[in-house]
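**Q** Listed in order, the protein sequences are those of chains A and V.
First residue of the first sequence? That's 0 in numbering that gives the first Met the number 0, and the numbers climb one at a time after it.
First residue of the second sequence? That's 0 in numbering that gives the first Met the number 0, and the numbers climb one at a time after it.
What the hints contain is simulated information worked out from the structure, not anything from laboratory work.
As the structure is a prediction and not an experimental result, all values here were calculated from the model.
Do not rely on the hints blindly, as some may be mistaken.
With the Cβ distance kept under 7 Å, some of the chain V side facing chain A (calculated, not the full set) [said to hold, decoys possible]: (1) Asp49; (2) Pro63; (3) Leu64; (4) Gly72; (5) Glu80.
Anything over 12 Å on all C-beta distances counts as not near chain V; from chain A, calculated [unchecked claim]: (6) Lys107; (7) Glu119; (8) Pro269; (9) Gly273; (10) His292; (11) Pro308; (12) Thr313; (13) Gln315.
Incomplete in silico selection of chain V near chain A, CB under 10 Å [unchecked claim]: (14) Thr20; (15) Asp24; (16) Gln52; (17) Leu53; (18) Ala60; (19) Ala65; (20) Ile67; (21) Ser68; (22) Leu74; (23) Leu81.
Glycine included, each C-beta is placed from N, C-alpha and C at the ideal position.
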Amino acid sequence: MMEKRHKILILDDDTDWLTLSREMLAALPSRPEILTANNGKRALSLLESEPVRLLICDLKMPRIDGLQVLAIVRRRYPELRTVVLSGLEDEDFRSRAYALGVDLFWIKMEMQRDSKLFIECLESLLGRDDEPGFRGIQSKSLMDIIQMECLSRSSSVLRITRGPLVAKLWIQDGELIDAEAEGARGEAAFRRILSWKSGTFENLPAEPGHPHNITKPVNALLLESAQDLDEAASAPATPEAAEDAAHRKSVWKLSLLTREGADFVISIPPEGLGEPEALGTQMITPLVKWTRHAAAVARRLGERLEAGPVMQVTGQNLERQVLVLEREERLFLVGWPVEAGGNLLEKSRKLVASWDS
Amino acid sequence: MGFLKRFFRGRAGVQQLPTGTITVDRNGHIVTSTVSSAYPKNFLHDIGRDVLQLFAEAREAQMPLAEISLQFGSLHITARELRGGAIIFLFPQTALLATPTRSRP
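Let the hints inform the model, and build the full structure from the sequences given.
**A** Here is the structure:
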């Protein structure tokens, strides 16, 4: 089987530096493919068209500077690994870059002096796979990260991203005071966040005046959440417990549907791998048939026309708008009333991402 | 004249994406088209046929649709139903080009 070569994009306005870096990185043991860009616009354009694994970014550049580029890529490509390689030896820039969620910050002089270590760091970043865990601190669960923040008696806001979902935790003097996730606040939001198995997080500046919506000690909350997760992971002991768990899951999904304002959601597994699950509609069989066929037609047309991957299929009439999305081999048909406002694609993606979390 | 063709015939080329509008009748025949005549007609037929089929199946599923959009990485197809037939808009997408004006969603 052919070994997968990762792509590294180097962004720097100094073309001599780009040449030097390209030669150096081409010698990495994993033989990555090296792309270069000498301005932010070109880099963003390359990120649009190429599946880049790692971005190495300078900070000081004309027009769009490195921090702007990092802010954009952190939002658009949460899975992209980012390294700042700057000539600026300034702690303020370092902390601002880390606040944007970069994985590494290196000074160019240090990198030249200690190139072996730099190469090892890059290799580690490239090799790290997408197993559960939170990027930012390797091999640590979100529970560990929260405990570390609280034990250090610090004040900060943790912004956690999981695909299209964004959550926030407010910590003040080592106490968890509030959480926000998927439309919920306080303890309910905290429990939702802890059920996420992977994601990325950034440390934002503290917000001193933020209201206290959580009063329980963080350790008690962590313990309760850990018990909840254990219960969810283990098979229910009795049929009644299984029924109860299924009921709670349905209530949660229904509340999600109502809160977002969608009419219905149908979650469709690949054929022969389970039954479709629907909330908000009785017309399951014909809609499942249509959704499967629409997805198949779109895939076939995309291949035939060489138009790239299918992003989504949408439909509308005077009463309703529907979107077909694919996530982890399941198809989802999401129906919205025609008067539903906002970015329905983004809302549908969030709904689908929350569905089985 | 055919000498060079003998050497170059088999070379795979990159198909340009279609841009423009086509209308198809209820049988999937193309009635009007503003897509370049260099673009293969059979591909346009495929688009028309598939879109009409999706409209018909949506009706069967008790979810009649007036508009269907298929968004690909580099092409956006929007079709509106017209008395059994359809008008189909084909918009190629590029990295730095904003998505063309589109109604919902």
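**Q** Each hint needs a verdict: does it hold in this structure or not?
**A** Tested hints:
Because the beta carbon of Asp49 of chain V sits about 5 Å from the nearest beta carbon in chain A, less than 7 Å, this interface hint is met. A cut of 7 Å between beta carbons decides the hint on Pro63 of chain V: the least distance to chain A is about 6 Å, and the hint holds. A least Cβ separation of about 4 Å between Leu64 of chain V and chain A falls short of the 7 Å threshold, and the interface hint therefore holds. The closest approach between the C-beta of Gly72 of chain V and any C-beta of chain A is roughly 2 Å, which is under the 7 Å cut-off, so the hint is satisfied.
The interface hint given for Glu80 of chain V is violated, since its Cβ lies 9 Å from the closest Cβ of chain A, which is over the 7 Å cut-off. Non-interface call for Lys107 of chain A relative to chain V: holds, since the shortest CB-CB distance, roughly 29 Å, exceeds 12 Å. Non-interface call for Glu119 of chain A relative to chain V: holds, since the shortest CB-CB distance, roughly 33 Å, exceeds 12 Å. Against chain V, the non-interface label of Pro269 of chain A holds: every CB pair exceeds 12 Å, the least being about 19 Å.
In this structure Gly273 of chain A is separated from chain V by more than 12 Å, as the shortest Cβ-Cβ distance comes to about 21 Å. A Cβ of chain V approaches the Cβ of His292 of chain A within 12 Å, the least distance being about 6 Å, so the stated non-interface status is violated. Here Pro308 of chain A does not stay apart from chain V, with its beta-carbon only about 5 Å from theirs, under the 12 Å limit. The beta carbon of Thr313 of chain A sits about 5 Å from the closest Cβ of chain V, which is not more than 12 Å, so the claim that it is off the interface is violated.
Not every Cβ of chain V is farther than 12 Å from the Cβ of Gln315 of chain A; the closest lies at roughly 5 Å, contradicting the non-interface assignment. The closest approach between the C-beta of Thr20 of chain V and any C-beta of chain A is roughly 16 Å, which is over the 10 Å cut-off, so the hint fails. Annotation: interface hint on Asp24 of chain V violated; nearest CB of chain A at approximately 19 Å, more than 10 Å. Because the beta carbon of Gln52 of chain V sits about 7 Å from the nearest beta carbon in chain A, less than 10 Å, this interface hint is met.
Hint status for Leu53 of chain V relative to chain A: holds, with the closest Cβ pair at about 6 Å, below 10 Å. For Ala60 of chain V, the interface hint holds, since its Cβ comes within 10 Å of a Cβ in chain A; the closest pair sits about 4 Å apart. Satisfaction of the interface hint for Ala65 of chain V is found here, the shortest Cβ-Cβ separation to chain A being roughly 5 Å, below the 10 Å cut-off. Restraint check, Ile67 of chain V versus chain A: the minimum CB separation of about 5 Å is within 10 Å; hint holds.
The interface hint given for Ser68 of chain V holds, since its Cβ lies 5 Å from the closest Cβ of chain A, which is under the 10 Å cut-off. The beta carbon of Leu74 of chain V is positioned within 10 Å of a beta carbon in chain A (closest approach about 4 Å), and the interface hint is therefore held. Violation of the interface hint for Leu81 of chain V is found here, the shortest Cβ-Cβ separation to chain A being roughly 14 Å, above the 10 Å cut-off.
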